[in-house]
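Chains A and B supply the protein sequences, listed in that same order. Sequential numbering of the first sequence, starting at 82, is according to our numbering. Sequential numbering of the second sequence, starting at 32, is according to our numbering.
By construction, these hints were calculated from the structure, which means they are not laboratory data. Backbone N, C-alpha and C fix where the C-beta goes; we use that ideal spot for every residue, glycine too. There is no bait here: all hints are sound.
Cut-off 30 Å, straight-line C-alpha distance, at most; resulting in silico cross-link-like pairs (DSBU-like, lysine-lysine):
# : chain 1 : residue 1 : chain 2 : residue 2
1 : B       : 306       : A       : 399
2 : A       : 457       : B       : 274
3 : B       : 117       : A       : 395
Partial list, computed: chain A residues near chain B (C-beta under 8 Å):
#  : residue
4  : 446
5  : 557
6  : 561
7  : 569
8  : 615
9  : 630
10 : 638
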Amino acid sequence: MDCQKLQKKVRSIYGNSIRVTEKDGNIVLSGTLKKWEDIVGACSLCVDKKRRYHVINNLKLENTELPKMKLPHIQDQALEGRKPDVLVIGGGISGASIARELMKWKLDVLLAEKESDVAMHASGRNDGEVHPGIDLGKGTLKQHYVIAGNRMYGKICKELDVPFKRCGQYVGMMHWSELLPAYLYACQRKYMCGVSDTRVISGKTLRKREPHLNPDMKFAIYNSMAGSVCPYGLTIAYAENAVQNGAEVALNTAVLSMDVKDGKIRSVLTNRGRIYPEIVINAAGVFAEDVAEMAGDRFYSIHPRRGTNAILDKKAGKLMGGIASWKTLKKTSGHTKGGGIVHTAHDNLLVGPDAVETYEKENFATQASSIENNFKKQQGTVKELSQRDIITYFTGVRAPTFEEDFVIERGRKTKNLIHCAGIQSPGLTTAPAVAKDVAKMAAKMVSASHPVKKNESYNPYRKGVPRLREMSPEQRNKLIQKRPDYGVMICRCEEISKGEIVDALCSPLPVYTVDGVKKRVRPGMGRCQGGFCMPLVAEIISEVTGQPLEKVKKSGGDSYLLFGKTKAGDGK
Amino acid sequence: MIYDVIVIGGGPAGLAAAIAAKKEGAQVLLIEREGRLGGILKQCIHDGFGLQRFKEKLSGPEYAERFIEEFHSLEIPAKLWTFVTKIRKSDQDFQVWTVSRNGVEMLVSRTLILATGCRERTAKQVSIHGTRPAGVYTAGTAQHFTNLQGVMPARRCVILGSGDIGLIMARRLKLEGADILGVYEVRPEPSGLTRNMIQCLEDFDIPLHLSETVTRIFGDDRLTGVEIAKVDEQMQPVPGTEKRIDCDTLILSVGLIPENEMAESLRVTMDPRTKGPVCDSWAMTDVPGVFSCGNAFHVNDLVDYVSESGELAGTSAARYFRELKGEADRTAENWISVETEGGLAYVVPQKIRKSDLDKKLVFYFRCRRTMGESMLAAISAGKTVFEKKYQAVRPPEMERVVIDLSKADIVGTSLVFQLGEVQA
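In isolation and in its complexed conformation, chain A is listed as follows (with noise of 0.2 Å):
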């Protein structure tokens, strides 16, 4: 490759701050430049997506900073000494689902998440949409991994008992015009990419499945394959799979360094002691580059992009079934397909995500404008769609490489690692496709120091919290006589009961925070909030943990929800 022509084009656009140089056979951009977005323009001008080598950025933001990766407040030794043979690293949906998948062998797994529970990043902050693939063109990782991932949910939803739907997905185009290339593209994608179930519909036949789509659609492509899962319940269900199977999930453990020697990881320091890992495996989302820098392996970078989804009151869910959107085929700029309007696995409306570049990998605040941005957008999707059905509004951010592939690999310098970086979407459809694949990679390698035997006992069905509100009368009456706590109602928006709630917290993972709570068995996500629950909810864990209620928090951290008794509470 060609460092001198690629920096002279880099710096008649970004300055001539900017070296390029390259290393082990990457591109490394060095220098400082004065804004976020230069630097990701610039990195970005260096890809050669033909050309397979990585873009590592080494670029500094003038004046600023970057935010270091916010810590767990626990210290303790409760992991030191430890050596099991895998140690992944994130408890995100790629780390949950590999964790699932090693326990397939005789293996002692370990998996180390920094906040205080599962999927708290970005897999706890998507849409949950199972993607087709229709937008994927061949050649990438993502691409080899989508259809495999999306054929997979069925059969994946079923044994750790996920609510998942095939809604279908329906990209609606509104120039006649645009029929023919849409048509092709469909063709393409149809017989050369393996979409199978892609086919071009009419105007009349999409009004008649989504009587609520912009009537300007004139046709549209359409997925028949196309899903909606509980993102964080499915993460949360292969995490406690992975539990039942004999794996440990370390909460609030922080990977911090790492002791390199010979191309191998000696030892991971932790805030929670030493851990001596046969192998790593890399799940760590925004800060897989951190941990690569860590293992002596970093070979590509992250850039963070935020997304804001809006989610709205099942009511307005009745707009639409499945999943839309809407295209043209002129040139739009930035990555983001533009969202769209997704029909939930609990039947609310997502409408976005936007894409915004950042350098804060963890702030996770919204934004009015993103909620207006999504609001234009997709009114074009159904003309309805109205800002008054919102319930709350949330933002993750992905974590993309400049290639804007995954990076699923083997330690290129390191050899005892795993990497599983770069995963944004659609990570989520490709995770069950790709935990496969790497926990075999993983297995291999412990093998290559100890035999490695099949798990005899490995149990694939994981039993969730069952959901009473969506049983017949009889299955619950049923339930609630062998447990009345089924039939005292906590969440009037959402029908949860004190038993569910219960269940919950007597998981194979549990979590005793009010979020925790939430992210299991749905208390507080409905039309209040948590404004009547909340309280209650708190009450319950109280109960069950034996925590005195001023202790009981909302999420990680110092988030306590109260400060001590009032002077009566007090009995003073």
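Since the structure of chain A is already known, use the hints to place chain B on it.
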């Protein structure tokens, strides 16, 4: 068994409705989601309840207790800890599906009274952005923590919205030793009752900031601060006026929304102005046999009026079956519609039964904006048939007016209410 009346909700509206229906001789059952009767009054330990009705200043639980005693003395059955999951309408009656510790049960009634109260608007519904830390509570949630659970939700607190519960909580937390840094109201005038402005803020030196709002929330774990901004006439934040206030709690009192998910499932027509059902002078919705009262019908500021509305619904439901034999008479000819013009936000009921034209009826209204000396007029076929003068009207203060329709010459299909400032 088939009940004549099932009342859903055991707060002040539901209690009054059940008592009234029972006194009319109906077979009544009350269903309450929580373990005790009284609804939100259970946590309203401040005084000022019952001034109109009992000419006494009672606390919320005291006010509720008077109704609960009467309810029990009439031996009305109540199902507590019982949650209605769905309602099915058949030709003759309603099937009410419930869940409780005893299991799933289907109850049948000829009429239904929906006394389901209201819920609070949340931070996201008033478009506050930023992070999602602990320490953002609606006033009612904060009140639940403080008064029912005996725990402190706040230490240094900003209150957004000058709704009554917000004002009450400002004083309550101040008494518990919290710092109340200020109450911020997006509107140019307060949205709570005047008496609460004086008794909760002025008497406790809590500053009120009008035309200012909270625009952002800071903090990862616990709230660390909020951003305040001035707003323009359209109530939009003015760029450049933002300032940060360090605090650990944000309490919201930004409006109440009638809870009508059950009514909607029965396809009751809703009034976008009240966010409650369209009701007639019998408190009946446009689904025959379904009645609505209290804060589910429209948000009240005095519990006395909630009880009154419950009584009307109770009496009507009992009489509806007895007198009209549940006749599903829906022809528009039986009603006169109530319309509003000028400075009125709404008037309820929205329809008058023609058979009530010889009676004294109670109407409630809210004005759109604060006005000085004003005149309420009811106009039928171009003729003013009723007039009443008010010294002043304010949107937060709902007005109650009794009109003797027998003395008003009402013709045609509508009665139009107007409210206008009297020109000096």
